[in-house]
Amino acid sequence: MARARDKLDQLYSNKRWRKVREIVLKRDYYLCQVCKREGRIIEGKTVHHIIELREDESLAYELSNLETVCDACHNRLHPERNGSQPKKKLSKDVIRFYKNEEL
Numbered sequence: 001m002a003r004a005r006d007k008l009d010q011l012y013s014n015k016r017w018r019k020v021r022e023i024v025l026k027r028d029y030y031l032c033q034v035c036k037r038e039g040r041i042i043e044g045k046t047v048h049h050i051i052e053l054r055e056d057e058s059l060a061y062e063l064s065n066l067e068t069v070c071d072a073c074h075n076r077l078h079p080e081r082n083g084s085q086p087k088k089k090l091s092k093d094v095i096r097f098y099k100n101e102e103l
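Numbered continuously in the UniProt record's numbering, the sequence shown closes out at residue 103.
A hint or two may mislead.
[Claimed, not checked] Okay, derived cross-link-like pairs now, BS3-like style, lysine-lysine, Cα gap no bigger than 25 Å in a straight line:
{"hint": "1", "residue 1": "Lys26", "residue 2": "Lys45"}
{"hint": "2", "residue 1": "Lys45", "residue 2": "Lys15"}
{"hint": "3", "residue 1": "Lys36", "residue 2": "Lys15"}
{"hint": "4", "residue 1": "Lys7", "residue 2": "Lys19"}
{"hint": "5", "residue 1": "Lys26", "residue 2": "Lys15"}
{"hint": "6", "residue 1": "Lys45", "residue 2": "Lys7"}
{"hint": "7", "residue 1": "Lys26", "residue 2": "Lys36"}
{"hint": "8", "residue 1": "Lys45", "residue 2": "Lys19"}
[Stated by the list, open to error] Here are the in silico distance ranges between beta carbons for each label pair:
{"hint": "9", "residue 1": "Arg5", "residue 2": "Pro79", "range": "28 to 34 Å"}
{"hint": "10", "residue 1": "Tyr29", "residue 2": "Ser58", "range": "25 to 31 Å"}
{"hint": "11", "residue 1": "Glu43", "residue 2": "Lys7", "range": "16 to 22 Å"}
{"hint": "12", "residue 1": "Gly39", "residue 2": "Arg16", "range": "20 to 26 Å"}
{"hint": "13", "residue 1": "Gln10", "residue 2": "Glu38", "range": "32 to 38 Å"}
{"hint": "14", "residue 1": "Arg18", "residue 2": "Arg81", "range": "20 to 26 Å"}
{"hint": "15", "residue 1": "Arg3", "residue 2": "Ala72", "range": "14 to 20 Å"}
{"hint": "16", "residue 1": "Tyr30", "residue 2": "Arg76", "range": "17 to 23 Å"}
{"hint": "17", "residue 1": "Arg76", "residue 2": "Glu55", "range": "14 to 20 Å"}
{"hint": "18", "residue 1": "Asn82", "residue 2": "Glu55", "range": "15 to 21 Å"}
Derived by calculation from the structure, the hints in this document are not laboratory data. Note that beta-carbon positions come from the ideal geometry of N, C-alpha and C, so glycine has one too.
Given only the sequences and the hints, what does the whole structure look like? Please build it.
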């Protein structure tokens, strides 16, 4: 687990990630995309991987796999990080279909 965390820390601190993160935030106008789909306008500052890195590392910098979210939605998307129940796994195809439908 420590190795995985170290690998993530390296990813999130590198120059390429910072650039991609800024592109996503600007693309999404710094608005939480989850809240937006629910009809609310809330500022977002976190860039979320729709398909998690532990499932597919090749999508780490893929813009179509990234969206801006607020802290509340990010916590809902990752309840396992807050000591809650793990989130249900969704098929990658379902996630991709849903994301592409937003375009």
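These are the hints, each one checked on the structure:
This hinted pair checks out: Lys26 and Lys45 have alpha carbons roughly 10 Å apart, not beyond 25 Å. Between the alpha carbons of Lys45 and Lys15 the distance comes to roughly 18 Å, so the proposed pair stays at or under 25 Å and holds. Our distance criterion of 25 Å between C-alpha atoms is broken by Lys36 and Lys15, whose separation comes to about 29 Å. Distance check on the hinted pair: Lys7 and Lys19 sit about 18 Å apart at the alpha-carbon level, within 25 Å; holds.
Restraint check for Lys26 and Lys15: satisfied, since their Cα atoms lie roughly 17 Å apart, inside the 25 Å limit. In summary, the hint linking Lys45 to Lys7 is supported, as the alpha carbons are separated by about 22 Å, within the 25 Å threshold. Restraint check for Lys26 and Lys36: satisfied, since their Cα atoms lie roughly 15 Å apart, inside the 25 Å limit. Restraint check for Lys45 and Lys19: satisfied, since their Cα atoms lie roughly 14 Å apart, inside the 25 Å limit.
Range check, Arg5 to Pro79: Cβ separation about 18 Å, and the 28 to 34 Å hint is violated. Hint check: Tyr29 to Ser58, Cβ distance near 27 Å, so the stated range 25 to 31 Å holds. Between Glu43 and Lys7 the beta carbon distance is about 29 Å. The supplied range of 16 to 22 Å is therefore violated. For Gly39 and Arg16, the Cβ-Cβ distance of about 34 Å falls outside the hinted range of 20 to 26 Å, so the restraint is violated.
For the hinted restraint 32 to 38 Å between Gln10 and Glu38, the CB-CB distance of approximately 34 Å keeps it satisfied. For Arg18 and Arg81, the hinted distance range of 20 to 26 Å is satisfied, since their beta carbons lie about 22 Å from each other. Distance hint check for Arg3 and Ala72: the Cβ-Cβ separation is about 30 Å, which falls outside the suggested range of 14 to 20 Å. For the hinted restraint 17 to 23 Å between Tyr30 and Arg76, the CB-CB distance of approximately 19 Å keeps it satisfied.
Distance hint check: the CB atoms of Arg76 and Glu55 are about 18 Å apart, consistent with the given range 14 to 20 Å. Checked against the hint of 15 to 21 Å, the pair Asn82 and Glu55 passes, with Cβ atoms roughly 20 Å apart.
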